[in-house]
Every structure is written in C-alpha cells, then in structure tokens.
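Our numbering applies: residue 478 is where the sequence shown begins, and numbers increase by one.
Derived by calculation from the structure, the hints in this document are not laboratory data.
From the three backbone atoms N, C-alpha and C, an ideal C-beta is built for every residue, glycine too.
Warning: the hint list may mix true and false statements.
Claimed, not checked - Heads up, simulated BS3-like pairs for lysine-lysine below, C-alpha to C-alpha not over 30 Å straight-line:
{"id": "1", "residue 1": "K486", "residue 2": "K548"}
{"id": "2", "residue 1": "K548", "residue 2": "K516"}
{"id": "3", "residue 1": "K548", "residue 2": "K523"}
To be verified - The following label-pair restraints were derived from C-beta to C-beta distances:
{"id": "4", "residue 1": "E544", "residue 2": "V522", "range": "23 to 29 Å"}
{"id": "5", "residue 1": "S517", "residue 2": "G494", "range": "26 to 32 Å"}
{"id": "6", "residue 1": "E544", "residue 2": "A505", "range": "36 to 42 Å"}
{"id": "7", "residue 1": "P501", "residue 2": "H530", "range": "21 to 27 Å"}
{"id": "8", "residue 1": "S483", "residue 2": "A528", "range": "29 to 35 Å"}
{"id": "9", "residue 1": "R515", "residue 2": "F542", "range": "30 to 36 Å"}
{"id": "10", "residue 1": "Q488", "residue 2": "K523", "range": "40 to 46 Å"}
{"id": "11", "residue 1": "L524", "residue 2": "N499", "range": "14 to 20 Å"}
{"id": "12", "residue 1": "P514", "residue 2": "F542", "range": "24 to 30 Å"}
{"id": "13", "residue 1": "S481", "residue 2": "G526", "range": "34 to 40 Å"}
{"id": "14", "residue 1": "G521", "residue 2": "C487", "range": "34 to 40 Å"}
{"id": "15", "residue 1": "Q529", "residue 2": "A490", "range": "25 to 31 Å"}
{"id": "16", "residue 1": "A490", "residue 2": "F518", "range": "43 to 49 Å"}
{"id": "17", "residue 1": "R527", "residue 2": "P501", "range": "19 to 25 Å"}
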Amino acid sequence: MMRSNSCPKCQGAMTEGFILDNGPNVSAVSQWVEGAPRKSFWSGVKLSGRAQHPIQTWRCGRCGFLESYAKG
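Between the sequences and the hints, there should be enough to build the whole structure, so can you do that?
In structure tokens form, the structure reads like this:
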C-alpha cells in the first residue's frame, strides 16, 4: 500500500513511529490480532492460531492526527 506523507486532515507532514505497549518488565510494539478477543485465564487473551502483525503508526506534526497500519 502506498501512503501519502501528508495528513488527510490538515495536509501537515506525517512522521513514522509506533505505539508502545508497556507491561511489567517489558516494552513492545502494539500488535493487531485477527478476530474478536477471547478471554484466557492465564494470559488475559487467547492468541493461539491467530494472525498477528505489528502496528505501524504515522503522526501529523501539525494537528497530531494518528494513522495506523498493520502490514503483513
């Protein structure tokens, strides 16, 4: 997918980044997970057998709008 480097809201410049997930003793890039969430007693959410893709996020330097993609 080709994306524009200008904000769809105000046409300001967009900068690539990511959304950080902070947990106990770990920091990671947020992931997109296929399907609706299913509760797990041990881990909070069942992930087994589901497609997962890191989320890439772009931020507008002018208005702060965020645009996210999960390539893969």
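For each hint, the structure was consulted:
Between K486 and K548, the direct Cα distance comes to roughly 22 Å. Compliance with the 30 Å bound is thereby established for this hinted pair. Taking the CA atoms of K548 and K516, the gap is about 25 Å. The hint holds against a cut of 30 Å. About 21 Å separates the Cα atoms of K548 and K523, which keeps this hinted pair within 30 Å; it holds. In this structure, E544 and V522 meet the distance hint of 23 to 29 Å, their C-beta atoms being roughly 25 Å apart.
In this structure the hint that S517 and G494 lie 26 to 32 Å apart at CB holds, the actual value being about 30 Å. Evaluation of the 36 to 42 Å hint for E544 and A505 yields a failure: the beta carbon distance comes to about 21 Å. The given range of 21 to 27 Å is respected by P501 and H530, whose C-beta atoms sit roughly 24 Å from each other. Judged by the Cβ atoms, the range 29 to 35 Å given for S483 and A528 holds: they are separated by roughly 30 Å.
Between R515 and F542 the Cβ separation comes to about 32 Å, which falls inside the hinted range of 30 to 36 Å. For the pair Q488 and K523, the supplied restraint of 40 to 46 Å holds, since their beta-carbon distance comes to about 42 Å. Distance hint check for L524 and N499: the Cβ-Cβ separation is about 18 Å, which falls inside the suggested range of 14 to 20 Å. Checked against the given bound of 24 to 30 Å, the beta carbons of P514 and F542, roughly 26 Å apart, stay inside it.
Checking the proposed 34 to 40 Å range against S481 and G526 shows it holds: the Cβ atoms sit about 35 Å from each other. Evaluation of the 34 to 40 Å hint for G521 and C487 yields a pass: the beta carbon distance comes to about 37 Å. The hinted range of 25 to 31 Å is satisfied by Q529 and A490, whose Cβ atoms lie roughly 30 Å apart. At roughly 46 Å, the beta carbons of A490 and F518 sit within the given window of 43 to 49 Å.
At about 23 Å, the CB distance of R527 to P501 agrees with the hint of 19 to 25 Å.
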